[in-house]
Amino acid sequence: MIIVLQIILGIVGLFLATFLEILFLTLLNFRIILPFFFLARKRVDWKILLLITTVISLILDVVLHYRLGTNLLLFTVSTGILFLLSFIFSVDEDGIPMYVSTFVASLGFYLVNQLLPSLLTTGATGFLDTKIFFLLVLKAIVTAGLVWLGEMLVSRFRDRGNSKQIRLK
Amino acid sequence: MIKKFKKTFSFSSQQLLFLFLILLTIAFILLDSTNLLTPLRSGISFLFEPVSVDASEIGMEIKEYAKTITHVSEFKKEFNEMKIDIYEKDVNNAFYHTLLEEKEALEKQMNLAKKDTKFLTAKVIGGDNISSLRINVGGKDGVKEGSVVSFSNMFVGIAEVVDEYGSLVNLPYSKDSSFEVFITPVGVEEGVVTEGVKVLSKAVVKGMGDHISIENISKDVDIKDGDIVVTNDSKVGTYLVVGKLTGLSSNPAETSRSATVLPLVEYSNLMTIFVSVE
Numbered sequence: 012m013i014i015v016l017q018i019i020l021g022i023v024g025l026f027l028a029t030f031l032e033i034l035f036l037t038l039l040n041f042r043i044i045l046p047f048f049f050l051a052r053k054r055v056d057w058k059i060l061l062l063i064t065t066v067i068s069l070i071l072d073v074v075l076h077y078r079l080g081t082n083l084l085l086f087t088v089s090t091g092i093l094f095l096l097s098f099i100f101s102v103d104e105d106g107i108p109m110y111v112s113t114f115v116a117s118l119g120f121y122l123v124n125q126l127l128p129s130l131l132t133t134g135a136t137g138f139l140d141t142k143i144f145f146l147l148v149l150k151a152i153v154t155a156g157l158v159w160l161g162e163m164l165v166s167r168f169r170d171r172g173n174s175k176q177i178r179l180k
Numbered sequence: 011m012i013k014k015f016k017k018t019f020s021f022s023s024q025q026l027l028f029l030f031l032i033l034l035t036i037a038f039i040l041l042d043s044t045n046l047l048t049p050l051r052s053g054i055s056f057l058f059e060p061v062s063v064d065a066s067e068i069g070m071e072i073k074e075y076a077k078t079i080t081h082v083s084e085f086k087k088e089f090n091e092m093k094i095d096i097y098e099k100d101v102n103n104a105f106y107h108t109l110l111e112e113k114e115a116l117e118k119q120m121n122l123a124k125k126d127t128k129f130l131t132a133k134v135i136g137g138d139n140i141s142s143l144r145i146n147v148g149g150k151d152g153v154k155e156g157s158v159v160s161f162s163n164m165f166v167g168i169a170e171v172v173d174e175y176g177s178l179v180n181l182p183y184s185k186d187s188s189f190e191v192f193i194t195p196v197g198v199e200e201g202v203v204t205e206g207v208k209v210l211s212k213a214v215v216k217g218m219g220d221h222i223s224i225e226n227i228s229k230d231v232d233i234k235d236g237d238i239v240v241t242n243d244s245k246v247g248t249y250l251v252v253g254k255l256t257g258l259s260s261n262p263a264e265t266s267r268s269a270t271v272l273p274l275v276e277y278s279n280l281m282t283i284f285v286s287v288e
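Sequence lines, in order, name chains A and B. For the first sequence, the numbering used here begins at 12 and goes up steadily by one. For the second sequence, the numbering used here begins at 11 and goes up steadily by one.
Bear in mind the hints are in silico, worked out from the structure with no lab data behind them. Please read all numbers here as calculations on a predicted model, not as lab measurements. Some clues are possibly wrong.
Simulated coverage check for chain B against chain A, where a stretch passes if three residues somewhere in it have a Cβ under 8 angstroms from a Cβ of chain A [to be verified]:
| # | segment |
| --- | --- |
| 1 | 22 to 31 |
| 2 | 43 to 57 |
| 3 | 62 to 70 |
Subject to a maximum C-alpha distance of 27 angstroms in a straight line, what follows is the list of computed DSSO-like cross-link-like pairs (lysine-lysine) [said to hold, decoys possible]:
| # | chain 1 | residue 1 | chain 2 | residue 2 |
| --- | --- | --- | --- | --- |
| 4 | A | K150 | B | K77 |
| 5 | B | K185 | B | K212 |
| 6 | B | K73 | A | K142 |
Glycine residues also receive a C-beta, built at the ideal position from the N, C-alpha and C atoms.
Hey, can you work out the whole structure from these sequences and the hints?
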């Protein structure tokens, strides 16, 4: 029963995620799915995250008319950057290094997003100048900010959960 | 030893995620270049394209609203400029209309009025439009008490009060207004213009305040509604059309008939009129 409910919730969640992603993409040219991916990376089991990321990426590839695997490549790039940065400092522990690495990974995501999709579909890279680059930096900062906000909300929620627990001395 | 080896080369979840993401990415990109994934694309498109289209449309609408709100000061400025522009155009338009009206009135006067009479062009500047009109010419311009005011060949009234720079014209509706007239047929019978002016009857026109009454119409002549009433009075001095007959009485006990005169011009619409200054 719980599995059925989870499947239903998952399907509804996919529709909702697609809707929100396209809405934000049309409104602000911003990928709202990215902060959620960073937040989920530490908390969700990697197999489930891989499944969700793959499915959502395929859906977004189809609705954005990209080559299949393009969005997956974007997530791979940001995960790769985080993986490489993990050799320098801790990317999973809450703190400035984590947000810096999130910013760098987001910037990588947006840079590849700017250049790669048209390369895969038409053979020519997307246009990038200083102005666009600064916009991408701004988006990466916003993404890091949203991750920070998400972390704060999650920790507050968790604290409240603890306060309700009965302490046994 | 084996355990130690396994522990040394075990992958973290992040590494595994990265590894599988790379593999899946390569697999999908390669497979998409073939036609193997076409059914998958079609299925996803069938399910999620409507959601995407809806989200895009909503996003565009919100964007438009946001754009309107952020540019509201610009729109306001533009609106004010357009308003001023419209006012300017309205003013110009009104001015051109005034000129056009004056031109048409002058043309009519030139064509229809008596050529030997000197006319003074006057503008209606007020009055109650029922019994009197105020005009912008007065004694200084040569207007005298009793001067006849006309519009082409139509009678408008008589200058009753004349000041230096303006005059008050008594209209036929006024209770003070009374003059002799004659009644003539329309001038066109069964589509043919009748020759000469046929006087059917003489009568007296009196202003009643809200309408113009005509009395003392001869009972024996064939008069009908729509016949034309023309001035025939020494006060007016010339033949000018007052209006047409309407509501002709038909009481056999009466010795004469009476009716109402309907002016051919709407006095409230007059802007340019002419005062005879002989």
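Against the structure, the hints:
For a cut-off of 8 angstroms, the count of residues in the segment 22 to 31 of chain B with a CB near a CB of chain A stands at 8, and the three-residue condition holds. With 6 residues having a Cβ less than 8 angstroms from any Cβ of chain A, the segment 43 to 57 of chain B passes the three-residue criterion, so the hint holds. Given a C-beta distance limit of less than 8 angstroms, the hint that chain A covers the segment 62 to 70 of chain B holds, as 7 residues qualify and 3 suffice. Restraint check for K150 (chain A) and K77 (chain B): satisfied, since their Cα atoms lie roughly 20 angstroms apart, inside the 27 angstroms limit.
Of the supplied pair hints, the one linking K185 (chain B) and K212 (chain B) holds, its CA atoms being roughly 20 angstroms apart against a limit of 27 angstroms. A distance of roughly 21 angstroms separates the Cα atoms of K73 (chain B) and K142 (chain A); the hinted pair therefore holds under the 27 angstroms criterion.
Hint violations for this structure: none, all hints satisfied.
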